[in-house]
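S.K.: Protein sequence lines, in the order shown, are assigned to chains A and B.
Number 119 in the working numbering belongs to position 119 of the first sequence; there are no gaps in the numbering.
Number 1051 in the working numbering belongs to position 51 of the second sequence; there are no gaps in the numbering.
Quick caveat, the hints were computed from the structure, so don't treat them as lab data.
It cannot be assumed that every hint is accurate.
Stated by the list, open to error - Beta-carbon label-pair distances, calculated as ranges:
id	chain 1	residue 1	chain 2	residue 2	range
1	A	G26	B	V1008	33 to 43 Å
2	B	G1053	A	T68	48 to 58 Å
3	A	L21	B	A1015	49 to 59 Å
Stated by the list, open to error - In silico negatives: residues of chain B with every beta carbon more than 10 Å from chain A:
id	residue
4	P1028
5	R1109
6	G1122
In this text, all values refer to a predicted model and were calculated from it rather than measured experimentally.
In this text, a Cβ means the ideal position worked out from N, Cα and C, and glycines have one as well.
Number of protein chains: 2
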Amino acid sequence: MTTTENAVRNGVDTATLFATLDAVKGDPEIAKFQFRATNRWLSGTHNRSTLHGFYGAKQEMTHKQAFTYDADHPPVLVGSDNGPTPVEYLLHALAACLTAGIANVAAARGVALTEVSSTVEGDIDLLGILGLSDQVRNGYRQIRVHFDVEGDASPEELAGLVERSRLRSAVYDVLANGTDVQVDVSTR
Amino acid sequence: MTTTENAVRNGVDTATLFATLDAVKGDPEIAKFQFRATNRWLSGTHNRSTLHGFYGAKQEMTHKQAFTYDADHPPVLVGSDNGPTPVEYLLHALAACLTAGIANVAAARGVALTEVSSTVEGDIDLLGILGLSDQVRNGYRQIRVHFDVEGDASPEELAGLVERSRLRSAVYDVLANGTDVQVDVSTR
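The whole structure should be built from the sequences, with the hints applied where relevant.
M.R.: Here you go:
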């Protein structure tokens, strides 16, 4: 195969992927990123975030458009269901991060994928956030992700893509291990 | 003021909020929820999640619509920018959860809010996920949330809303403390 035929696999531009890795090896400052969100309260539990600008590769950058997302609570949680709950976005983020990683790892390993789909479940006992029990944590007790992966490799190799992605997933790391979260406020 | 005048504050139906608390006190099984996402890989780092069904209040439920969200990487991270990155959704989820909590706590405490807005920043060194350093974690090193809150209460009371929300936030808990995350796979 020629370089051109190899350049894109699973929709991943592997030539650019490897070039990016080489660039970062030569200048680790390129790898320092800062992502950002802004959020505005609308009414009740309904609010809206915008994701647009970020810092990376030693410069301020923007997505090609500003992405806006609404969150709310459903009626059973005294909201108006104008969007999913905040905790559901965590499940989406986890599936999305692991899936992107699977595609990248497969491309780097020369595996052609035909399907990657997943279901995520998160168990949460709301006695915590409702303030009705000090024995129950506020967040998810457990999150489970199940992947279905199809491609031109052995079952062991396909499962290995998922495992490698998990070991290099930013969202998995934060959800499994937590991170330093600082909250401050200005009032008027 | 009559009960009717008090029933909705900050867009929060406080009568229903307190009735829900009473119902859960009477039957803690009501508080056991399971949220879910499904995700499908599209191409490269581009994939799409759907959030629709969930379990809670002892029954299967659905949002009034299926919410779908795309995630991708920007070109600088070898993607096509068809959506925000998975890690940006974490920042949105955090702001959304804290903001919903602030509105609920304010309503319960009789504080009328006129503005709640926030900015969230997350610092991440991609040497981790790129596999170029074992000293650098994959996820955010730190996340910072700054709130601007305006309402008919003292600065201390307004700041207290944010603090109470943080202490009862499901997303804050998961991001700050981590949780049990299980990943498995079926292959074809």
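S.K.: Against this structure, judge whether each hint is valid.
M.R.: Now for the hints, and whether the structure bears them out:
| no. | hint | verdict |
| --- | --- | --- |
| 1 | A/G26 with B/V1008: 33 to 43 Å | violated (59 Å) |
| 2 | B/G1053 with A/T68: 48 to 58 Å | violated (24 Å) |
| 3 | A/L21 with B/A1015: 49 to 59 Å | holds (58 Å) |
| 4 | P1028 | violated (6 Å) |
| 5 | R1109 | holds (13 Å) |
| 6 | G1122 | violated (5 Å) |
Hints 1, 2, 4, 6 from the earlier list are contradicted by this structure; the remaining hints agree with it.
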